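K.L.:
Line by line, the protein sequences are chains R and A. The first sequence runs contiguously to residue 182 in my numbering. The second sequence runs contiguously to residue 310 in my numbering.
Derived by calculation from the structure, the hints in this document are not laboratory data. Owing to the predicted nature of the structure, the values given are computational and were not obtained by experimental measurement. A few of these clues could be false.
What the hints assert, rightly or not - Per label pair, the in silico range of CB-to-CB distance: (1) R/ASP79 <-> A/GLU208: 58 to 64 Å; (2) R/ALA73 <-> A/SER70: 22 to 28 Å; (3) A/SER177 <-> R/ASN2: 53 to 59 Å; (4) R/ASP79 <-> A/ALA260: 44 to 50 Å; (5) R/GLY83 <-> A/GLU208: 35 to 41 Å.
What the hints assert, rightly or not - Selected chain R positions facing chain A (in silico; Cβ < 8 Å): (6) SER11; (7) SER15; (8) ASN27; (9) ALA35; (10) PRO39; (11) ASP42; (12) GLU44; (13) ARG55; (14) HIS56; (15) CYS82.
No residue lacks a Cβ here, since even glycine has one placed at the ideal position from N, Cα and C.
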Amino acid sequence: MNLWNKLMCYSRRHSPWLFHMNGGSCNGCDIELIASLTPRYDAEQLGVRLEGSPRHADILCITGPVTHNAVNAIKTVYDQVCGPKAVVAIGSCPATTNVFIDSRTLDGPLNRHVPVDVFVPGCPPRPDAIIQGVAKAAEILAERAAKKLPIAPVVMPLVGPGCEGACPCAATTELKNEEVRA
Amino acid sequence: MNMDLLIGLKTALARLLIFPGLLFAVPAAWFFLWVERKAVARMQGRIGPPFMQPFFDFIKLLGKSTPPRSGIGGLLMRAWPLIAVSAAAGAVGLLPVLPASGGFEGDLILLLALLEVPSMCIIAAGFSSGSIFGEIGSAREAVLSVSYNIVFLLAIISIAASQHTFSLSALAQLPSSPLRWLGIVAILVCLPAKLHLNPFSLPNAEQEIYSGPMTEYAGPELAMWELSHGLEWVAATGLVATLIAPAFTLWWVAALVFVALSFGLVLLLSVVAAATARLQIDTTVRFYWQCTLIFAVLAVASALFMRFRA
Ligand code: SF4
Chain R
1 MNLWNKLMCY
11 SRRHSPWLFH
21 MNGGSCNGCD
31 IELIASLTPR
41 YDAEQLGVRL
51 EGSPRHADIL
61 CITGPVTHNA
71 VNAIKTVYDQ
81 VCGPKAVVAI
91 GSCPATTNVF
101 IDSRTLDGPL
111 NRHVPVDVFV
121 PGCPPRPDAI
131 IQGVAKAAEI
141 LAERAAKKLP
151 IAPVVMPLVG
161 PGCEGACPCA
171 ATTELKNEEV
181 RA
Chain A
1 MNMDLLIGLK
11 TALARLLIFP
21 GLLFAVPAAW
31 FFLWVERKAV
41 ARMQGRIGPP
51 FMQPFFDFIK
61 LLGKSTPPRS
71 GIGGLLMRAW
81 PLIAVSAAAG
91 AVGLLPVLPA
101 SGGFEGDLIL
111 LLALLEVPSM
121 CIIAAGFSSG
131 SIFGEIGSAR
141 EAVLSVSYNI
151 VFLLAIISIA
161 ASQHTFSLSA
171 LAQLPSSPLR
181 WLGIVAILVC
191 LPAKLHLNPF
201 SLPNAEQEIY
211 SGPMTEYAGP
221 ELAMWELSHG
231 LEWVAATGLV
241 ATLIAPAFTL
251 WWVAALVFVA
261 LSFGLVLLLS
271 VVAAATARLQ
281 IDTTVRFYWQ
291 CTLIFAVLAV
301 ASALFMRFRA
């Protein structure tokens, strides 16, 4: 890899711009995605920026179990995002349709319609898990753009109370919570 | 005669390409964009983006693809950001930062015209993108620029008229008068609207009309828009900095004072932006027309006063 490609790869990893799309979610995951940008978690430290237009975005964050109404919108928005791009499925809904399984208003899960790079499980996932997923997606995107790799979905580990040890940041967050309460 | 022309050409090129032109202005633009984001983050109790963030964003955008565009409309859409960047870079190159850096009678007018080009390009870009959000953003930008430009031009013209010159370097050398401070305050009131900052960030109001005129732009074109926005920062704060700064004979002192003053202005504007919320379009327009009235009375009165005293 020459210098320019290395720089491009580094820049792609450090500047993930997100477009957030709701595919019929209960709004739980959407709130957590916004929470990851607030002062407590501050995803902007990684260069994350929530963009208003899919044309500006690198990473498409989709929440919800994909309702019939949302299918065409998701496909359109996926095509509007300019390459190289990645898709992050936030929450258990887009992965499995979760509690809404067997509903006749659904056309999920998400990977029947668009290729998904990273699944962030949880109902809803914690903001730390979402940030971790976005960082992973940025890494995948940069590598895939440089080496022309095929899409291989990654499932992130569960993060939060009850899954200690799954991720070091979960433990530290819990510690901080204890400190705040004390 | 020929020698003079050659030397003049050389200084003009040096100003356009080295200082305060492209070689200085592009890193300064990225730095100011970072200061803006960092100041907003600090005001909100966050840590904010790393130092190199605008540079990484720029490189990443260069590596992205753009949607296919065809016909004259597509050609125009590709041209607008380039025109905006070159006009903003030209405006920065005209700033009389270094003492005895040349310049000509009337370069103030050229600077004002060049400062206006990026916002015209934004208006045109929104309309040629054909997106409804772009059109709303462009209409807002047009209304906004009609309202703030009167105050802006009035301030600059009253400064120039009171000191009997339209040459920037002569203005920078002359000692300041009360009328000049009045003008600087008027310019400062206009800068948030010119740079699309809160409380006047109507044209690119995110959460409201997506990204306004930029909605359809992607990849390298968007990178050019970001760059032109940064260069506008450098040019607009630089104009105020040259008006405020006292004249120095040592070139490096002049350059340092210029950079420090611009930095202070960027910080001030970002803090104001973080501390305020977006106003409605009619409130904004009313605000600027009221400003126009106040500054018009003050400027005309003091100009008359100075005439009588002289
Ligand atoms: S994963 Fe849970 S919180 Fe998220 S949208 Fe589905 S039901 Fe709501």
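K.L.:
Please go over all the hints and tell whether each is borne out by the structure.
P.N.:
Going down the list of hints, with the structure as the test:
no., hint, result
1, R/ASP79 <-> A/GLU208: 58 to 64 Å, "24 Å, violated"
2, R/ALA73 <-> A/SER70: 22 to 28 Å, "25 Å, holds"
3, A/SER177 <-> R/ASN2: 53 to 59 Å, "57 Å, holds"
4, R/ASP79 <-> A/ALA260: 44 to 50 Å, "48 Å, holds"
5, R/GLY83 <-> A/GLU208: 35 to 41 Å, "28 Å, violated"
6, SER11, "4 Å, holds"
7, SER15, "4 Å, holds"
8, ASN27, "16 Å, violated"
9, ALA35, "13 Å, violated"
10, PRO39, "4 Å, holds"
11, ASP42, "4 Å, holds"
12, GLU44, "5 Å, holds"
13, ARG55, "4 Å, holds"
14, HIS56, "6 Å, holds"
15, CYS82, "4 Å, holds"
Comparing the model with each numbered hint stated earlier shows that hints 1, 5, 8, 9 do not hold.
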